[in-house]
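Visitor: In the order they appear, the protein sequences are chains A and B.
Under this note's numbering, the first residue of the first sequence carries the number 1, and numbering increases by one thereafter.
Under this note's numbering, the first residue of the second sequence carries the number 1, and numbering increases by one thereafter.
Hints should not be assumed to be uniformly reliable.
[To be verified] Here are some, though not all, of the chain B residues that point toward chain A, as calculated from beta-carbon distances under 10 Å:
(1) VAL16
(2) ARG19
(3) ASN20
(4) GLN31
(5) MET49
(6) GLU51
(7) ALA94
(8) MET96
(9) SER256
[Said to hold, decoys possible] Ranges of calculated distance between the beta carbons of each label pair, as one might list FRET restraints:
(10) A/ARG78 <-> B/LEU204: 36 to 46 Å
(11) A/ASP90 <-> B/ARG18: 35 to 45 Å
(12) A/ALA133 <-> B/LYS248: 15 to 25 Å
(13) B/ARG97 <-> A/ALA131: 49 to 59 Å
(14) B/THR167 <-> A/THR15: 21 to 31 Å
(15) A/ALA223 <-> B/ASN165: 36 to 46 Å
(16) A/GLU141 <-> B/GLY137: 54 to 64 Å
(17) B/ARG97 <-> A/GLY2: 47 to 57 Å
(18) A/ILE297 <-> B/ASN165: 49 to 59 Å
(19) A/TYR312 <-> B/LYS248: 53 to 63 Å
(20) A/ARG78 <-> B/ASN165: 13 to 23 Å
(21) B/ARG97 <-> A/HIS207: 28 to 38 Å
(22) B/GLN83 <-> A/SER263: 32 to 42 Å
These are computed hints drawn from the structure, not numbers from a lab.
Glycine included, each C-beta is placed from N, C-alpha and C at the ideal position.
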Amino acid sequence: MGIGVSTRDLRKVYTSPPPLAGPAARGRLMGGKEKKKFEVVALDGVSLEMEPGEIFGLLGPNGAGKSTTIGILTTRVRPTSGEARIGQFDVWREQVEAKRLIGVVQQRPNLDFALTAREILTFHGAYYGLASADRARRSAELLEKFQLAERANDVARNFSGGMMQRLSIARAMMHDPQVLFLDEPSTGLDPQTRLLLWEIVRDYNRHGKTILLTTHNMEEADALCHRIAIIDHGRVIALGTPAELKASIPGGYLLRLHVSRTSAELVARLECLADVREARENGDRIDLYADRGGPLIGPIAAAVAESGTELYDVHISEPSLENLFLHHTGRSLRQ
Amino acid sequence: MNWTTFFAMLARDAHVARRNVVALLLQTMLQPLLFVFIFGRVMTSSGLMPENYKSMLLPGIIGMTMVFTGIQAVAMPLIAEFQFTHEIEDRLLAPMRIEWLAVEKVLAGMLQALVAGAFVVPASWLLLGKGVTLNFGQPLLFGGVLVLVALFASAGGLTLGCSVNQTQIGLMFSLLLAPMISFGCIYYPWSALSAFPVIQKLVLLNPLVYASEGLRATLAPQYGHIPLAVVMGALLAIDAALIAAGLKQFDRKAVS
C-alpha cells in the first residue's frame, strides 16, 4: 500500500519561454555571450525520494524549480534528462499508468468553465472510468466535504477564488489517487480556508496517500510536511524533517541588524560576542546567527556604538525554515 | 488505447455543445443563411442573377458552413483553453495518451461540421424557394466528400487552435479566413476564374476550393467543376497534412 515518488538527476532546460511559467520566467538566464539564445535552466540535477504515505514539501522562492518538478512528475513538462517515477512507473515511458495513480492541483485555477461544479467532478470521474453510480456518490460526498454542496449546480465560472481552489482539490481527489500533487495550494486563500485545506490534506494522508506539495510559505511547510526539500535555482539545497532542518541552522536565532554603515571590522567585532555563531554582511544589514535572541541586544548595541556606527533596527526571529533558507542562499524566500 | 476516457471526453464535448445549442446554431448558421437570402433570393428575384444560380450557390454555402463550423468548433476553444482558461489541463492529465485528446477534438469538430451541414441544406433550400435542382444520385461519393471536408475543417481548426496566439484571433479572421472565403469558389465555380489565369492557379492553394468544388461535383454536376478524383485526392492530402501539423502543434502546446 502507498505509492512512492522519486526523481533521479532531473534536469530541465527551457529553450523557449515555458508556457507553464508566469511572467517571472522560471530559473535563471544563462549568459550567452555572442548569440541571444533563450536558455533557462529550471532544474539542475534534482534527485528526490518520497516515501509512500509521506507528506513531502518542496519549498523555495518563485522560479526555484518547484512547478517544473511537479510538471515533470505529472507529464506536463518533458525533462531534458533524468528520470521521474511514480511508484514503479517511469512517468515518461509509462505515461498512462503513471497518470492513473496521480491527482494534480495546479497553481492557477483550471476548472472546466463550461460545466457546473458537480459536472466537473462527474466528468472527471468518467475520464478515469468510474461507474455512473460511483461518480454520483463520490461527487456528492466531496461537494459536501469541501462546503460546495449549495453551489453544486452552478457553473464554476462565477465562483470565488477560494471556491475554485476547493473545487480543484475536490476534483483531484475524485478518482481517489494514490499520490496527490498540490502546487502552491494555499496561494490566495483566506486563513480560514487555508486551515480547512490543511485539515483535508492531513485527512487524505491518513488514508495512506502520498502528498507532494510546493509552497513558499514556511508556516505551511512546517505545519503540514513530514519532510521538506528546499530548492533554489533548480537544485536541492537542504533536505530533512522540519525539525532537522531548523536544527541545522547555526544557533537557530537570527538577528538582522540595520546599521548606518557596515564594515568588516564591525562584523568581526559582532562575531566575537558570546553566543553569536556567525555574522554576515548583507547589504546595509548584518545577519547574526546566534544561540539566543533578546538577551544579545545589549552587547550588540554596545559593539555597534564602539565602532562608531548607529544602530537603526534589530529584528529577531526564532528558529524557522525562513532563517534556514536565508542561511543557505543569503536571500529571503519572499525576495 | 483507453476508449472509456476517450468517449467520456466526447460525451463532455457533446454535453457542452448541447447546452449551447442555440448560440452555436446562430453562430454558425446566421451568416451563411444571410448570404443565401441575399445572393440566392434577392439577386435572383430581382433578375440580377439567373434563376439557376441558386443550385450553383448551394453547394458552396454547404462547404463554407461546414468548414467554418469545424474550424471554429475546434480552434476557438483550444486557443482559450491553452492560453487563457487552462481548462484543458484536466483532460491532459486523464489516463490516456495526450495525442488522443487531439484526435477526440478533431472527431468532435467533424461531428459539429456534419451537423451544421445537415442543418444548412434544408434551411437554405427553404430560403432559396423554387428552382433549386440538386442531384443526390451519388450518395456514397457525396458522403465521402462531406467526411473529407469535415475532417479538413476540424484538423485545420486543431492546427490553427494550437498555433494562433490569443492576440492574433482578429488577424486569423481578416488575413486567413476572409480571403479563404472570397477565393474559395463558394459563390462561383472555379472555371469562372478562367479570365484571371494567375488567380485561378493561386486559389488552388486554398483548401476551401476543393470543398466547394467537391460538393458542387456531387450535388450539382450540371455546372463545370474540377474533376472529382482531383478534388478527393487534394482533400485527402490536405487532411493528412493538417492532421500531422495539428498533432505536432498540439504536443508542443500540451507539453513544455
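Visitor: Falls inside 32 to 42 Å, the C-beta gap from B/GLN83 to A/SER263?
Guide: violated, 52 Å
Visitor: Tell me if the beta carbons of A/ASP90 and B/ARG18 are separated by a distance inside 35 to 45 Å.
Guide: holds, 40 Å
Visitor: Can we keep the B/ASN20 interface hint, with Cβ of chain A closer than 10 Å?
Guide: For B/ASN20, the interface hint holds, since the closest Cβ of chain A sits about 8 Å away, which is under 10 Å.
Visitor: Do the beta carbons of A/ALA223 and B/ASN165 sit within 36 to 46 Å of each other?
Guide: Distance hint for A/ALA223, B/ASN165 holds at roughly 41 Å.
Visitor: When you take the CB atoms of A/ARG78 and B/ASN165, is the distance between them in 13 to 23 Å?
Guide: Holds - the Cβ-Cβ distance for A/ARG78 and B/ASN165, about 22 Å, lies within 13 to 23 Å.
Visitor: Against chain A, with CB atoms and a cut of 10 Å, does the hint on B/SER256 hold up?
Guide: holds, 5 Å
Visitor: Do A/TYR312 and B/LYS248 keep their Cβ atoms within the hinted range of 53 to 63 Å?
Guide: holds, 60 Å
Visitor: Quick check: does the Cβ-Cβ distance between A/ARG78 and B/LEU204 fall within 36 to 46 Å?
Guide: holds, 39 Å
Visitor: Holds or violated: is there a CB of chain A closer than 10 Å to the CB of B/ARG19?
Guide: Result: holds, 7 Å to nearest chain A Cβ.
Visitor: Holds or violated: is the Cβ of B/MET49 closer than 10 Å to a Cβ in chain A?
Guide: violated, 42 Å
Visitor: Is 49 to 59 Å a correct range for the gap between the Cβ atoms of A/ILE297 and B/ASN165?
Guide: holds, 57 Å
Visitor: Between A/GLU141 and B/GLY137, does the C-beta distance stay in 54 to 64 Å?
Guide: holds, 59 Å
Of the numbered hints given earlier, the model fails hints 4, 5, 6, 12, 13, 17, 22; all others are met.
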